[in-house]
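S.K.: Residue numbers (this note's numbering), protein chains in the order written: chain A, 1 to 446; chain B, 447 to 813.
The reader is advised that the hints may include incorrect statements.
One-sided excerpt, in silico: chain A residues whose CB lies under 8 Å from chain B [unchecked claim]:
1. Asp-121
2. Gly-294
3. Arg-296
4. Gly-298
Worth flagging that the hints you see were computed from the coordinates, not collected in a lab. All values reported here derive from a predicted model rather than from experimental measurement. Each residue gets a CB set at the ideal place from its N, CA and C atoms; glycine is no exception.
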Amino acid sequence: MILGVDVGPTNTDAVLLDGDRAVRAVKVPSIPGDAVGSLAAAVGALPAEPRRRATQLAVGLRVAARAVRERDGLARVGVLRVGGAAADAVRPLFGWPEALRDAVCAGTANVAGGGGLAPRDTTPLDRDAVARFGAALAGRAEAFAVTAVFSPVDGSQEREAAEILRAETGPETTVLLSSDVGTLDLLARENATVLDAALSVLVARVADELTATLPGLGLAPGAAVLVTRSDGTLMSLEYLRRQPGLSLGSGPACTIRGAGLLAGLRDAVVADIGELRARVGALTGGYPQEAGPGERIGGVPVALRFPDLITVGAGAHRELAEAADRMRPSAGLLPLILVGGGAGGVPGRALTGFDVVRPEHGGVAGAFGAAASPVGGQYDRIVRRGPGRRLDAVRDEVRDLARAGAVRAGADPRRVHTHAEPDLPVPYLPGAVLLRARAAGPPLPL
Amino acid sequence: MNVDAGALADFARGCAVLGSGGGGPADVTLPVAGQAIEECGPVPVVDPATLPADALVMPIGLVGSPAVAAERIGGREEPARLRARFEALHGAPVAAVMSSEIGGLNGCVAVAWAARLGLPLLDADSMGRAFPRMDQNVLELAGLRPGPAVLADEHGHTVVIDEVDGAHLERFARAAVVAFGGRAASTDYPLTAGQAARYAVAGSVTRALALGRGEGPAPLLTGKVSSVRRYATEDADGDDATGVLLEGAGPDAGRLVLVECRSEFVAALEDGTPLAVVPDVIALVDVRTGWAVPVEEVRYGLRVHLVTMSSAPAWYTPSGLRLAGPSAFGLAGLGADGGADGSPGPRGRVRDGSSSTDGRPSLGGTP
């Protein structure tokens with residue numbers, strides 16, 4: 001059995017799942033500022049007998065989103081860019097809102113180094129400059145974010161810089177690398193890495209709390225713990241520590257996915273009706289539809305993907321119908337799934353033109369989505385077509401790396417499925433193509 | 447008029463529209479211009495006719511892959527080095543900077559460089575939009591020489607290309623760009639302010655600003671992307687092509703428009719009838735963000751306004767259509783190639799500027 005928990009701002013929901021059937025569902029008030037305490041209260045409200053058979057706990061904590069929104073609990077970050085002359089036209093953290101920058105920034109530097117599309121385009125890393133930066137921030141920065149030009153193609157200079165920083169500041173220092181974020185867009189990738197580093201201390205504390213609380217929850221011995229992420233999949237606590245930003249947007253993602261599972265649908269529009277506002281998203285092939293590139297968090301462009309969402313007032317039924325219509329990927333009739341505590345208050349006549357579905361347990365769709373989601377991974381890479389290059393071989397490698405991402409995130413390597421997404425052209429770079437793959441599978445049993 | 451920090455986002459949004467889906471995402475170079483203006487002050491925008499006719503103008507733009515430019519965002523010293531080499535080649539000081547390509551990411555590059563060099567930016571450019579080839583510009587149509595062209599990277603590596611025609615410039619520069627790792631800054635088709643006033647696309651910066659403020663033409667259709675099909679063309683160079691199907695929504699429900707793409711959007715067809723064909727500017731503007739979407743970012747389900755407008759009049763002349771008309775993009779038979787009579791905006795469905803005869807492209811939608 002799988003236990004899914006969704007720690008919302010008002011209520012915390014817990015669902016016990018046997019196969020794809022909900023055995024028990026509870027809703028308890030959240031304890032403000034205490035995500036793990038809220039989780040424990042919701043889990044404790046479930047009967048002890050079935051709870052004892054839960055071998056997996058999947059939880060949406062929502063602590064990262066709250067920390068960014070309220071600028072609370074963020075670590076001070078040493079921001080190191082490796083690019084030198086190739087990357088000094090825009091300084092690190094340029095364009096950040098002043099309050100967020102002040103809350104996060106312990107110091108910045110841009111040192112010589114960085115790569116290119118091909119190995120021959122690499123500039124040697126200025127190791128001394130990295131060491132000077134580390135020494136200057138020792139004791140002042142709680143974490144470091146390292147971003148090298150073209151690190152998604154070759155991450156070796158970021159790893160080298162991380163070693164130097166740890167040598168200067170201590171072997172336990174958290175150093176997060178932009179190559180883990182991926183995406184060829186230096187500034188958006190750097191911003192995402194800095195956000196990850198800023199969230200790393202808070203997230204580590206919550207992960208420690210959760211680990212310490214686990215034995216007292218009355219689950220099966222050795223039950224796996226996973227947390228939700230913004231693409232509608234799950235990841236391990238270890239993965240969360242390295243990339244907390246992946247959990248931003250995971251609340252709505254889980255609700256959209258859970259709504260689809262509850263309604264038995266893979267393609268639908270989903271409206272989550274809360275007390276004050278309603279959020280409308282789309283389910284495509286069983287997963288939340290992603291918003292396009294150019295996402296921003298706290299005003300900062302970041303290389304993170306979020307579910308595509310429109311937010312309207314909870315009582316504004318006309319705007320809700322408009323938003324649902326805009327979320328329809330095509331003009332064909334698609335079901336509209338209503339979930340959330342306020343779903344019962346939306347009259348069907350307000351939503352003409354939609355086949356409205358109100359699934360049982362819709363009030364705990366987020367917890368259901370957490371319980372019923374696989375562990376995920378994804379990877380993309382730009383490759384050049386050319387003589388002697390077999391695209392199929394590279395495509396296999398990209399799929400393998402997506403699979404490796406899912407396994408790193410906590411998936412059982414024997415049961416991960418991969419699928420390639422359509423190739424994307426890379427404009428003005430003749431012969432180049434962006435290969436992408438996703439992977440998902442159940443967590444590794446302990 | 448100045449381009450200052452407050453006007454910059456509007457300008458970039460307008461450049462994205464004029465990119466016709468190409469020229470690279472304008473938001474990639476927006477912060478480059480933002481920091482340059484913050485450090486060096488707003489950029490004065492001048493009509494080339496107000497400068498001495500023999501004043502030297504340095505056209506500027508990045509060449510290569512926008513994906514590489516999004517990583518190698520460039521250096522603060524690049525503009526000064528390129529200027530020094532340019533002035534040495536011409537034996538004269540530069541009086542102003544001009545954008546080689548207003549569409550896409552290069553509009554903001556010109557603003558950034560003008561700011562760093564402390565020079566005015568001409569209210570003009572060499573394309574009036576974005577095109578894939580360096581020689582697809584109106585200065586080539588006017589018979590100006592591409593050389594001496596200077597290409598340089600962030601580290602100061604420099605290549606000078608001279609004694610070439612447009613086709614050779616394209617061939618040599620592309621080879622150099624590969625050696626530069628996929629991105630270089632270029633100044634090509636050097637010219638005087640007098641030549642710029644006479645031959646360049648006039649009013650480009652003003653036009654981008656107006657488009658970015660939302661003063662563009664009314665959309666031909668508002669709807670959703672209902673399919674994106676990417677395929678290899680049968681052209682000799684094997685470029686990838688994309689077919690985007692737009693499905694009308696709301697008042698446009700029931701309408702279907704096919705948008706053909708290469709590196710840019712090159713044709714929009716409804717029931718087989720062209721609504722707009724290259725060199726017309728064709729933009730898909732994201733309903734949510736207000737930004738025109740590049741070809742590579744168009745995806746299923748995206749809600750867009752289809753906006754089209756005519757390009758610079760020079761592009762509708764027989765030689766303009768030969769260089770950058772439908773047949774240059776494998777679309778022979780569409781649009782005006784065959785029966786071009788030199789009149790601008792030959793198709794009736796293009797809603798702006800087509801009657802402009804004073805040599806200035808009028809702003810879309812203005813009566």
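S.K.: Would the hint on A:Gly-294 be counted as holding, given a Cβ-Cβ threshold of 8 Å to chain B?
M.R.: holds (6 Å)
S.K.: Is the hint on A:Gly-298 kept, meaning its closest Cβ partner in chain B is under 8 Å away?
M.R.: Since chain B brings no Cβ nearer than about 16 Å to A:Gly-298, farther than 8 Å, the hint is violated.
S.K.: Going by Cβ atoms only, is A:Asp-121 closer than 8 Å to chain B?
M.R.: holds (4 Å)
S.K.: Does A:Arg-296 pass the interface hint, meaning its C-beta sits closer than 8 Å to a C-beta of chain B?
M.R.: violated (10 Å)
Checked against the numbered hints given earlier, the structure breaks hints 3, 4 and satisfies all the rest.
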